[in-house]
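Participant: Each protein sequence line maps, in turn, to chains A and B.
For the first sequence, the positions run 36 to 360 when the working numbering is used.
For the second sequence, the positions run 2 to 635 when the working numbering is used.
Simulated from the structure, these hints should not be mistaken for lab results.
Just so you know, even glycine gets a beta-carbon here, dropped at the ideal spot from N, CA and C.
Check the hints yourself; a few may be wrong.
[Claimed, not checked] In silico lysine-lysine, DSS-like type, Cα no more than 30 Å apart, as pairs:
id: 1; chain 1: B; residue 1: K451; chain 2: B; residue 2: K521
id: 2; chain 1: A; residue 1: K270; chain 2: A; residue 2: K235
id: 3; chain 1: B; residue 1: K280; chain 2: A; residue 2: K113
id: 4; chain 1: B; residue 1: K604; chain 2: B; residue 2: K521
id: 5; chain 1: B; residue 1: K280; chain 2: A; residue 2: K107
id: 6; chain 1: A; residue 1: K87; chain 2: A; residue 2: K235
id: 7; chain 1: A; residue 1: K107; chain 2: A; residue 2: K87
id: 8; chain 1: B; residue 1: K539; chain 2: B; residue 2: K584
id: 9; chain 1: B; residue 1: K16; chain 2: A; residue 2: K107
[Stated by the list, open to error] Ranges between beta-carbon positions, derived for each pair:
id: 10; chain 1: B; residue 1: R447; chain 2: A; residue 2: G213; range: 55 to 61 Å
id: 11; chain 1: B; residue 1: A355; chain 2: A; residue 2: E155; range: 54 to 60 Å
id: 12; chain 1: A; residue 1: V215; chain 2: B; residue 2: D211; range: 38 to 44 Å
id: 13; chain 1: A; residue 1: K113; chain 2: B; residue 2: S303; range: 57 to 63 Å
id: 14; chain 1: A; residue 1: G236; chain 2: B; residue 2: P595; range: 55 to 61 Å
id: 15; chain 1: A; residue 1: G236; chain 2: B; residue 2: R447; range: 37 to 43 Å
id: 16; chain 1: B; residue 1: N247; chain 2: A; residue 2: D182; range: 52 to 58 Å
id: 17; chain 1: B; residue 1: R132; chain 2: A; residue 2: M257; range: 43 to 49 Å
id: 18; chain 1: B; residue 1: S416; chain 2: A; residue 2: R288; range: 43 to 49 Å
id: 19; chain 1: B; residue 1: R214; chain 2: A; residue 2: T321; range: 45 to 51 Å
id: 20; chain 1: A; residue 1: N278; chain 2: B; residue 2: P96; range: 36 to 42 Å
id: 21; chain 1: B; residue 1: R275; chain 2: A; residue 2: D182; range: 39 to 45 Å
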Amino acid sequence: MATWSRGERPRMFKMNAHGNTKPETHTLPRHLRRLEAESIEIMRDVVAEFSKPVMLYSIGKDSSVMLHLALKAFYPAKVPFPLMHVDTTWKFREMISFRDEMATRLGIKLIVHVNQDGIERGINPVDSGPTLHTQVMKTDALKQALDLYGFDAAFGGARRDEEKSRAKERIFSFRSPGHVWDPRNQRPELWNLFNARIRKGETMRVFAMSNWTELDVWEYIMLERIPLVPLYFAKRRPVVHRNGTLIMVDDDRLHLAPNETPELKMIRFRTLGCYPLSGAIESDATTIEDIVAEMQVAKMSERQGRLIDTDEAASMEKKKREGYF
Amino acid sequence: MDTDALRGFTSTDSKDQLRFITCGSVDDGKSTLIGRLLHDSKMIYEDQLQALARDSVKHGTTGDAIDFALLVDGLEAEREQGITIDVAYRFFTTPRRSFMVADTPGHEQYTRNMATGASNAQLAVILIDARKGVLVQTKRHSLICSLLGIRHVVVAVNKIDLVDYRKEVFDRIVGDYVAFASNLGFTSIAAIPISARYGDNIINRSGSTDWYRGSCLLDYLESIDMQSETAGLPFRFPVQWVNRPNLDFRGYAGTVVSGSIAVGDEIIVAASHRNSRVKQIVTYDGELARAEAGDAVTITLSDEIDVSRGDILAQPTERPEVADQFAARVIWMDQEAMVPGRSYAFRIGTQSIASGSITAIKYKIDVNTGTHLAARTLNLNEIGFCNITIALPATFDPYEANRRTGSFIVIDRYSNRTVGAGMIAFPLRRATNIAWQPLSLGKKERAALKHQKPCIIWFTGLSGAGKSTIANLVDQKLFAMSNHTVLLDGDNLRHGLNRDLGFTEADRVENIRRAGEVAKLMVDSGLIVICSFISPHKAERDMVRDFVGDGEFIEVFVDTPIDECVRRDPKGLYYKAKSGKIKNFTGIDAPYQPPSAPEVHLKTLDQQPEQLADTVLSCLVTRGIIVLTNRTEH
Chain A
36 MATWSRGERP
46 RMFKMNAHGN
56 TKPETHTLPR
66 HLRRLEAESI
76 EIMRDVVAEF
86 SKPVMLYSIG
96 KDSSVMLHLA
106 LKAFYPAKVP
116 FPLMHVDTTW
126 KFREMISFRD
136 EMATRLGIKL
146 IVHVNQDGIE
156 RGINPVDSGP
166 TLHTQVMKTD
176 ALKQALDLYG
186 FDAAFGGARR
196 DEEKSRAKER
206 IFSFRSPGHV
216 WDPRNQRPEL
226 WNLFNARIRK
236 GETMRVFAMS
246 NWTELDVWEY
256 IMLERIPLVP
266 LYFAKRRPVV
276 HRNGTLIMVD
286 DDRLHLAPNE
296 TPELKMIRFR
306 TLGCYPLSGA
316 IESDATTIED
326 IVAEMQVAKM
336 SERQGRLIDT
346 DEAASMEKKK
356 REGYF
Chain B
2 MDTDALRGFT
12 STDSKDQLRF
22 ITCGSVDDGK
32 STLIGRLLHD
42 SKMIYEDQLQ
52 ALARDSVKHG
62 TTGDAIDFAL
72 LVDGLEAERE
82 QGITIDVAYR
92 FFTTPRRSFM
102 VADTPGHEQY
112 TRNMATGASN
122 AQLAVILIDA
132 RKGVLVQTKR
142 HSLICSLLGI
152 RHVVVAVNKI
162 DLVDYRKEVF
172 DRIVGDYVAF
182 ASNLGFTSIA
192 AIPISARYGD
202 NIINRSGSTD
212 WYRGSCLLDY
222 LESIDMQSET
232 AGLPFRFPVQ
242 WVNRPNLDFR
252 GYAGTVVSGS
262 IAVGDEIIVA
272 ASHRNSRVKQ
282 IVTYDGELAR
292 AEAGDAVTIT
302 LSDEIDVSRG
312 DILAQPTERP
322 EVADQFAARV
332 IWMDQEAMVP
342 GRSYAFRIGT
352 QSIASGSITA
362 IKYKIDVNTG
372 THLAARTLNL
382 NEIGFCNITI
392 ALPATFDPYE
402 ANRRTGSFIV
412 IDRYSNRTVG
422 AGMIAFPLRR
432 ATNIAWQPLS
442 LGKKERAALK
452 HQKPCIIWFT
462 GLSGAGKSTI
472 ANLVDQKLFA
482 MSNHTVLLDG
492 DNLRHGLNRD
502 LGFTEADRVE
512 NIRRAGEVAK
522 LMVDSGLIVI
532 CSFISPHKAE
542 RDMVRDFVGD
552 GEFIEVFVDT
562 PIDECVRRDP
572 KGLYYKAKSG
582 KIKNFTGIDA
592 PYQPPSAPEV
602 HLKTLDQQPE
612 QLADTVLSCL
622 VTRGIIVLTN
632 RTEH
């Protein structure tokens, strides 16, 4: 029997069922292969151990990678759980069209949940402020949706490198009834032996990409040719300057101050959230390769563009305790 | 080194990941070291540095300078108290490797967290404060790393600036460390003088330590070879999920945890012994001809055999263990102490075991010194060597042979908390699937009737060492003292119960197992059981020791040099063995493993059998087996 190194293993024949345009032979570096396999293993464990899992789908780059990993984990079967998007109704329009297109193309069930109560109360990021808006339209909405459908496990794409309190998050993160996270009372997690046991009313959040870094994500997207929302790529878009951040004018719900005039700038987004809360960066990166090159000289973290984290010190930990993803 | 290249994106096929753990005590500068690695390898962005500068003023302990420890102490409580409570995972990358660092707290009460961090680490960086040298906690951290199977250690002698970069200080600490760590099973120990605060020998060689000729820390971490670690292990494929998209496809999804497998290879399902061949290795990216350790794949087989989650596929030549009882090192992780006999749930690989229990704690390990202590329970952060019985047989390997298939967690069946973690030492071969018939009278009651404590007195030693002679004398003396004894002699048993056994390795094990089981039954009926068996292997003697309770197995090593045994040759066996008429004769062409800590060690060369027998008797008195009163006077 011939031997070959990892990079050059022969493909006996090609049967990529989902029509992604990938080169016939591509090689992943070993550290990405390891991360990929680890995430796949986690996803399979969840499907084997839980009765009703769901994948939270935020349409962002991490969600795109998660979805790609799910396709791989269960092939040739279809992804055995639905995607769920908690829609604040303030997502960029391009995100919504990308979401619907992906679900249709892959034939995956997509659940879109909106907190109707919040809509009726008129909660929005512009007038209500980012804190209340996030609490009602994201955190509360997510809890509502999990309860409504009775999901016992929910995949999230959060990574440990994103933020300090995430660095101590478990891969299988236990939530007591009411979706409460208690950072001081987490289950120890050794080896790859996840404790999936829960009682009625309790749930599990599962972070299958815990050990990936932002760099890994971009590199993986590049090598695997994973489709992304166009907003990640630089293009001339209308923006205004607010609090030192570039805010894109996506529709007429963003009230412009008298001195604010949208101007067209070459911009893109490193992370995507609700559009009035997502800061853009000026960039000429129109391809993944450009983005990757740009990352090497980046001086600011990806969360820098997120207005919700700068509210108060340790704000992420606080939000997570309350049930934020 | 060009630090600008550290952010390096230029991945090559060979770029891999190293997962390591940092261990140190509260003030050893662990978090500072990680903060320094992240900062110097440019993994910290400007906005994070600004936040850090703000935090340093608020919580920092370094005056005006940036406190790198605050980068990694993530939870609010930790920042307020200046301690690390939980395991934090940090990441940085260089063009050659990406790194995942488990930062774990050093205090004794957090053994649990250190073990968690160590469980997935390939290497440990152990920090030692140059001013303090090797401390009790250094030993504790090293012992835990060793127990968790870490084989590579970097001793980072930190705060070398505070001892004026003196070589003597470094040399003394390294000498102390190597001396104590020599029996911990590390395959490599590297020592580096560093200052985490000032960056000496972290990313670049320091000018202040000209006497140090080795690599700086990052260089070392980038270049140490980790591939050989798992190369050559047998093929193991724990089935995670059965993939059945339609009636024509039945695949077994899982990750190859060790070894490799190719299409056409024969496999067995370890638990059921059913065999088949690999038909396809399916992945989303196309079929593979071969899957290797670390690959997440879906395997189809050429025969329709029953395989489900929890099964392990292996190759017929290298099978894992299948047993419902095993010995293991258990780390207790819950406030509520572990109680032998209580029912817990277990997860071993992909196998979920609904119930099982720790049947005996042989001893607990003092994590500060490594010594063995008697224990009835295990409290939070205690580590014990235990016997475990589970409701159904599980498939596993000893942890030493395979970290992935030799580890398990213990779960409270009611609260579902993860209460313990374990590393399997070896299977205990006992009766499977036979429930215990509860008996109303036990050995305690029966022994009380005879005014004695039942036990096994196990004589081991070479043929001709004098075992039977001394055993006979002990038997007679006990009888004279009105104790109820029985003597099982190896040779005699081979005339009856063990008549069908020869002298192969397997037969020797079976010979001892049967003798042990018989002895156990007799102990249960309250007797003092005197056994005389060459029993050359430690494993089998320990197996019999495990059959009975604590203090009920008294190992007597009849220590006679081989030359003397050959000279005595009471049965003429050595003569036959030497002339090749007997094969596998202990001491000639089969090994004898002397006991490392026998209860009684008899050196026969300069003492008479009478004296030796009395030595055994006095041991029995000390241990409360017999009482020295003349009951005939009553």
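Participant: Check whether the Cα positions of K604(B) and K521(B) lie no farther apart than 30 Å.
Facilitator: holds, 27 Å
Participant: Taking the Cβ atom of R275(B) and the Cβ atom of D182(A), is their distance within the range 39 to 45 Å?
Facilitator: holds, 44 Å
Participant: Do G236(A) and R447(B) keep their Cβ atoms within the hinted range of 37 to 43 Å?
Facilitator: violated, 51 Å
Participant: Would the pair K451(B) and K521(B) pass a check requiring their Cα atoms to be no farther apart than 30 Å?
Facilitator: OK: K451(B) and K521(B) at ~17 Å, within 30 Å.
Participant: Holds or violated: are the alpha carbons of K16(B) and K107(A) at most 30 Å from each other?
Facilitator: Answer holds: K16(B) to K107(A) is near 22 Å, not above 30 Å.
Participant: Sort out whether K235(A) lies within 30 Å of K87(A), counting only the CA atoms.
Facilitator: Distance of about 12 Å is within 30 Å: holds.
Participant: If I claimed the Cβ atoms of R447(B) and G213(A) lie 55 to 61 Å apart, would that claim hold in this structure?
Facilitator: Check passed, 56 Å falls within 55 to 61 Å.
Participant: For the pair we were handed, K107(A) and K87(A), check the Cα-Cα distance against 30 Å.
Facilitator: Since the Cα atoms of K107(A) and K87(A) sit roughly 20 Å apart, the hinted pair holds (cutoff 30 Å).
Participant: Would you mind confirming whether the straight-line C-alpha gap from K539(B) to K584(B) stays at or under 30 Å?
Facilitator: The hint holds at about 21 Å.
Participant: Below or equal to 30 Å on CA atoms is what counts here, so check K280(B) against K113(A).
Facilitator: holds, 21 Å
Participant: Cβ-Cβ distance between N247(B) and D182(A): within 52 to 58 Å?
Facilitator: Between N247(B) and D182(A), where Cβ atoms are some 34 Å apart, the hint is violated.
Participant: Just to be sure I understand the hint, the distance between the Cβ atoms of N278(A) and P96(B) should be within 36 to 42 Å; is that true here?
Facilitator: For N278(A) and P96(B) the Cβ distance comes to about 37 Å; the hint holds.
Hints 2, 11, 12, 13, 15, 16 from the earlier list are contradicted by this structure; the remaining hints agree with it.
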